[in-house]
Amino acid sequence: DAGVTQSPTHLIKTRGQQVTLRCSPKSGHDTVSWYQQALGQGPQFIFQYYEEEERQRGNFPDRFSGHQFPNYSSELNVNALLLGDSALYLCASSFREGTPTDTQYFGPGTRLTVL
Amino acid sequence: DAKTTQPPSMDCAEGRAANLPCNHSTISGNEYVYWYRQIHSQGPQYIIHGLKNNETNEMASLIITEDRKSSTLILPHATLRDTAVYYCIVRSYNTDKLIFGTGTRLQVFP
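Chains as they are written, first to last, in our numbering: chain B, -10 to 104; chain D, 10 to 119.
No wet-lab data here; the hints were simulated from the structure. Idealized CB from N, CA, C, for every residue including glycine. The reader is advised that the hints may include incorrect statements.
Examples of chain D residues lying across from chain B (beta carbon under 7 Å, computed) [what the hints assert, rightly or not]:
{"no.": "1", "residue": "49"}
{"no.": "2", "residue": "52"}
{"no.": "3", "residue": "53"}
{"no.": "4", "residue": "55"}
{"no.": "5", "residue": "105"}
{"no.": "6", "residue": "110"}
A short list of chain D residues far from chain B (calculated; beta carbon distances all over 12 Å) [claimed, not checked]:
{"no.": "7", "residue": "35"}
{"no.": "8", "residue": "45"}
{"no.": "9", "residue": "51"}
{"no.": "10", "residue": "74"}
{"no.": "11", "residue": "78"}
{"no.": "12", "residue": "85"}
{"no.": "13", "residue": "106"}
{"no.": "14", "residue": "107"}
{"no.": "15", "residue": "112"}
Start from the sequences and build out the full structure, keeping to the hints where you can.
Next up, the structure:
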């Protein structure tokens, strides 16, 4: 049973560019959340997608956008990259069972470096 | 969401029990306590969660005090592979986001 997968593993971009990160959820999961983790910090919630819609959003600017596809996979897009966007981007998947404890399982992350 | 307080670092000898404390004095009745850990540069790994009863699984035990203001994650026989940053998270039932703090860096030594 494949867990959460993310691509690419590493990425280098320059300021002002745009980037797209991809996530495939764990088998049987229908919900994808994205987190940003700066060096030495805990992950910060960006947003969550369920039924192809953004359901909840953290304190991130509109430069961060996403998409969920019918097969539940998801993309995170970041426009007009800043040096401060350099971080580990984590995807987590879960299954909306309608209970308050749908546990999120994380992928290995994509390391983005902005030069 | 309730805030959590954890010691920044702890050491534990291999084979001994690792007891990681977490203070969440402002927790409310519908908030769950979750524990994740993160081994260097990997994604966080789910360990265990609970509401008010003690919980145990193949990885760890979670002990929540009766007033629910604090909890302890117990790794019964720590190994070198348990060296990681451990995050205690309080999560409301009606939110999807996990709010991570800076966690406890557990170092298991031989």
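**Status of the stated non-contact between residue 51/D and chain B (beta carbon gap over 12 Å)** = violated (6 Å)
message: Does the closest beta carbon of chain B sit nearer than 7 Å to the beta carbon of residue 53/D?
response: Given a least distance of 5 Å, the restraint on residue 53/D holds.
Can you verify the interface hint for residue 49/D: is its Cβ closer than 7 Å to any Cβ in chain B? violated (11 Å)
Discussion item. Quick check for students: does the CB of residue 106/D sit more than 12 Å from each CB in chain B?
Written reply: violated (4 Å)
*Can the hint on residue 105/D be confirmed by a CB-to-CB distance to chain B that is less than 7 Å?*
Holds: closest Cβ of chain B sits about 5 Å from residue 105/D, inside 7 Å.
### Message
Under 7 Å is the threshold here; is the Cβ of residue 110/D close enough to any Cβ of chain B for the hint to stand?
### Response
holds (6 Å)
message: Please check whether the beta-carbon of residue 74/D is more than 12 Å away from every beta-carbon in chain B.
response: holds (20 Å)
- Regarding the assertion that residue 35/D does not contact chain B, is the least Cβ-Cβ distance greater than 12 Å? Correct as stated: the minimum Cβ-Cβ distance to chain B is 18 Å, above 12 Å.
Worksheet item: Regarding the assertion that residue 85/D does not contact chain B, is the least Cβ-Cβ distance greater than 12 Å?
Response: Nearest chain B Cβ is 22 Å from residue 85/D, so the label holds.
Would you assess whether residue 107/D, listed as outside the interface, keeps its beta-carbon beyond 12 Å of every beta-carbon in chain B? violated (6 Å)
Hint check: 7 Å Cβ-Cβ cutoff, residue 55/D to chain B: holds (6 Å)
| task | Evaluate the condition: distance from the CB of residue 112/D to the nearest CB of chain B exceeds 12 Å. | result | Violated, since 6 Å does not exceed 12 Å.
Hint check: violations occur at hints 1, 8, 9, 13, 14, 15; the rest are consistent with the structure.
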